[in-house]
Amino acid sequence: MELLRFATAGSVDDGKSTLIGRLLFDSKSVFEDQIEAVERTSEQMGADYTNLALLTDGLRAEREQGITIDVAYRYFATPKRKFIVADTPGHTQYTRNMVTGASTADLALILVDVRKGITEQTKRHAFISTLLGIPHLVLCINKMDLVGYEKEAFDSIRSEFADFAAKLQIHDLVVIPISALHGDNVVDRSLNMQWYGGASLLHHLEEVHIGSDRNLIDPRFPIQYVLRPQRDDYHDYRGYAGTVASGSFRIGDEVLILPSGFSSTIVEINGPQGPLQEAYPPLSVAMRFSEEYDISRGDMICRSGNQPKVAQGVDAMICWFTPDSFLESKRKLVIKHSTNSTRCLVEELIYRLDINTLHREELVDRLTMNEIGRVKLRTMKPLMFDAYKENRSTGAFILIDENTHDTVGAGMILGSTD
Amino acid sequence: MNYEVTHLDALESEAIYVMREVKAEFERPVLLCSGGKDSLVMVHIAQKAFSPCKLPFPIMHIDTGLNFPEVIDFRDKLEEKFNCRLLVASVQESIDKGRIKEEVGPTASRNRLQIVTLLDAIGENRFDAVFGGARRDEEKSRAKERFFSFRDEFGQWDPKAQRPELWNLYNGKHRQGEHFRIFPISNWTELDVWRYVERENIELPPIYYAHKRKVFERDGMLLAADHVQHSSEEEIFSAMVRYRTLGDANITGAVLSAATSIEQIINEVSSTRLTERGATRADDRVSDAAMEDRKVEGYF
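Protein sequence lines correspond, in order, to chains C and U. Sequential numbering from 0 applies to the first sequence in numbering that gives the first Met the number 0. Sequential numbering from 0 applies to the second sequence in numbering that gives the first Met the number 0.
If we strip away everything but chain C, and leave its shape as in the complex, we get (with noise of 0.2 Å):
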């Protein structure tokens, strides 16, 4: 059984608590004692009909003002697949918990109210799944029957949102009609929409082809830990253990070790299951080599002919999360990239993005929460890293306040500024 991530966003009133909990409702990843608090729950609140989003709203301060705090996960199964849903609410902290969801996510589910069309927040949401490099995008036109299933409707608000995407970098978008409440095109081909030809959205995502969305290509292996057993019978053994970020790794390959720039041979190859010949993302494993430079934690092991870029100076697109402070050029921070922490230093602001209209906006000399922009950076010592439209793994970092100790920003590489 393969995992699928996926992140859905959007507001209480395009159905998407409906849809969620449908989709666990009818995979059976719902049980009874939780479904009979939801409607205690919904009744004390004076509802009049149980309230899905409860299922999903399980902090007190979420229940009693009605709203989602934070990104939830909720899981399911089907025999073909097990779902990860990283459920991000349209309310508060928007933008940020949108870009925490997306991280993870192989694929992005947004809703839009067939009687509405595609609004400022369906362009948002599709911004920013692209920008964080999510690979599959379904855009669910919902409650359908409230047009009479017509296909009209839903071709025009296809072809509008068409028109927006083509300033987007979509590799792959699939449209599906629905009604989430009546459950149209949910698990089942709708009787409703026989115009519709393509697939149910539990059948879209049970199939589509996440395999290729890994990065076989580049060998990108950040040492995570050193494994020494300082036992008779391991003497002199080091493992060198981490989590393939990306490409793949066999015994007898020939590799560079980076930054110190030597070159050594793979002898051994231990993954969790045992000895492998072969190691590829996102498995955590151990590797031992030929000859034993001093390699510790926060080095990338690659190949001569097929190397990230090694620079202090990063070029990034950075999504700013805190009320507290700003960003803004000469400002320092902890950046965490792969296995490595250094300080960096804010060089420059070069434009804010604006979300709703893709403006750039030249004149600007801070980012404040919830925004985004585009910023170059100088790192105290080198990163390896790639682009993070080519590797998600080797060129995402976090951004951390050295005081407070927050995580403050989110970026994503675009190149090197050296």
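Hints listed in this document are in silico derivations from the structure and should not be mistaken for laboratory results. What you are looking at is a predicted structure, and each value in this text was computed from that prediction instead of being measured. Treat the hints with care, as some may be off.
[As the list claims (entries may be wrong)] When the alpha-carbon atoms are kept at most 16 Å apart in a straight line, the in silico EDC-like pairs for lysine to aspartate or glutamate are as follows: (1) C:LYS27 to U:GLU197; (2) U:LYS213 to U:GLU233; (3) U:LYS159 to C:ASP405; (4) U:LYS211 to U:GLU199; (5) C:LYS388 to C:ASP212; (6) C:LYS329 to C:GLU401; (7) C:LYS331 to C:GLU346; (8) C:LYS79 to U:GLU3; (9) C:LYS388 to C:ASP105; (10) U:LYS53 to C:ASP232; (11) C:LYS115 to C:ASP154; (12) C:LYS375 to C:GLU346; (13) C:LYS79 to C:ASP25; (14) U:LYS53 to C:ASP231; (15) U:LYS159 to U:ASP292.
With chain C's structure known, arrange chain U on it following the hints.
This is chain U only, laid out in the frame that chain C set:
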């Protein structure tokens, strides 16, 4: 070459990554082990993460004095079985020292009391990273947990002010006296745990499997007659039961079951219509936010 990775492989590698990250970035980690299936899966994964090294951190059990004897027997064998260091922090000792007072009344339990014992043990040992086997699918407040979950100097959790967690870039920065709770199997479901126990052939305390026991019914739960005080109106009968979760013997309910093998348990869990905590835990029935309230104070 087929590069397909199953969901269990992906979850296992994710947990190994988290454990190694903690060992690399923290000074003094510890792994909490209740003797239950989730924590035993954690111990198993930790062995793999650091093989061929010895487990590079101790295992700690919070002993309430009310655990099932079968679980205590199992715990006592852990040290030898895994060649690791086992610490036991005792709620009874905290009571004897006057740190906490035993609850009284019909719903008295030592469930909340363990929070003090746990936080004292964390403080005394200066642990800065505490591994727990909590899963997001277990309970709604746990659905909002991070892999790296910050606790202030009072050991408290602030669910509304959590650090955002992106990709697999975990921020474990903290000051002295603060610590992190680490949840490597956050993304596992009950069924994933059982499938993994089956695949890896992990030994569990015998009471997870169906056995004959004297029980009585209270609030729709089957409680063990040997461990829970009961009134004369509560009728005791013998039944084939098993435990889905292992809390204190006086608050954990058994379920009727004929499942004596892992395969049968997987079939049973696949078709059950009740969550594991809803079916078996009196402690979470007190209110909708019972777990959240305990977690804020420093619970597991």
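Going down the list of hints, with the structure as the test:
Taking the CA atoms of LYS27 (chain C) and GLU197 (chain U), the gap is near 22 Å; set against the 16 Å cutoff, the hint is violated. Under the criterion of a C-alpha separation no larger than 16 Å, the hint pairing LYS213 (chain U) with GLU233 (chain U) is consistent with the structure, at around 12 Å. Taken as a hint, the LYS159 (chain U) and ASP405 (chain C) pair is honoured in the structure, with Cα atoms around 14 Å apart against an allowance of 16 Å. Straight-line distance between C-alpha atoms of LYS211 (chain U) and GLU199 (chain U) comes to about 27 Å, which puts the hinted pair past the 16 Å bound.
Restraint check for LYS388 (chain C) and ASP212 (chain C): satisfied, since their Cα atoms lie roughly 11 Å apart, inside the 16 Å limit. Between LYS329 (chain C) and GLU401 (chain C) the CA atoms are separated by roughly 14 Å; this keeps the pair inside 16 Å, and the hint holds. For the hint pairing LYS331 (chain C) with GLU346 (chain C), the CA-to-CA distance comes to about 9 Å; that is within 16 Å, so the pair holds. For a cut-off of 16 Å, the pair hint linking LYS79 (chain C) to GLU3 (chain U) stands: about 13 Å separates their Cα positions.
Between LYS388 (chain C) and ASP105 (chain C) the CA atoms are separated by roughly 14 Å; this keeps the pair inside 16 Å, and the hint holds. A C-alpha spacing of about 13 Å is found between LYS53 (chain U) and ASP232 (chain C), which places the hinted pair at or below 16 Å, so the restraint holds. Restraint check for LYS115 (chain C) and ASP154 (chain C): the C-alpha separation of about 14 Å stays at or below 16 Å, so the hint holds. In summary, the hint linking LYS375 (chain C) to GLU346 (chain C) is supported, as the alpha carbons are separated by about 5 Å, within the 16 Å threshold.
Annotation: proposed proximity of LYS79 (chain C) to ASP25 (chain C) holds, straight-line Cα distance about 15 Å (limit 16 Å). At roughly 13 Å between alpha-carbon atoms, LYS53 (chain U) and ASP231 (chain C) fall within 16 Å of each other, so this suggested pair holds. Distance hint between LYS159 (chain U) and ASP292 (chain U) is fulfilled; the C-alpha atoms sit about 13 Å from each other, no more than 16 Å.
Against the hints set out earlier in the document, violations occur for numbers 1 and 4.
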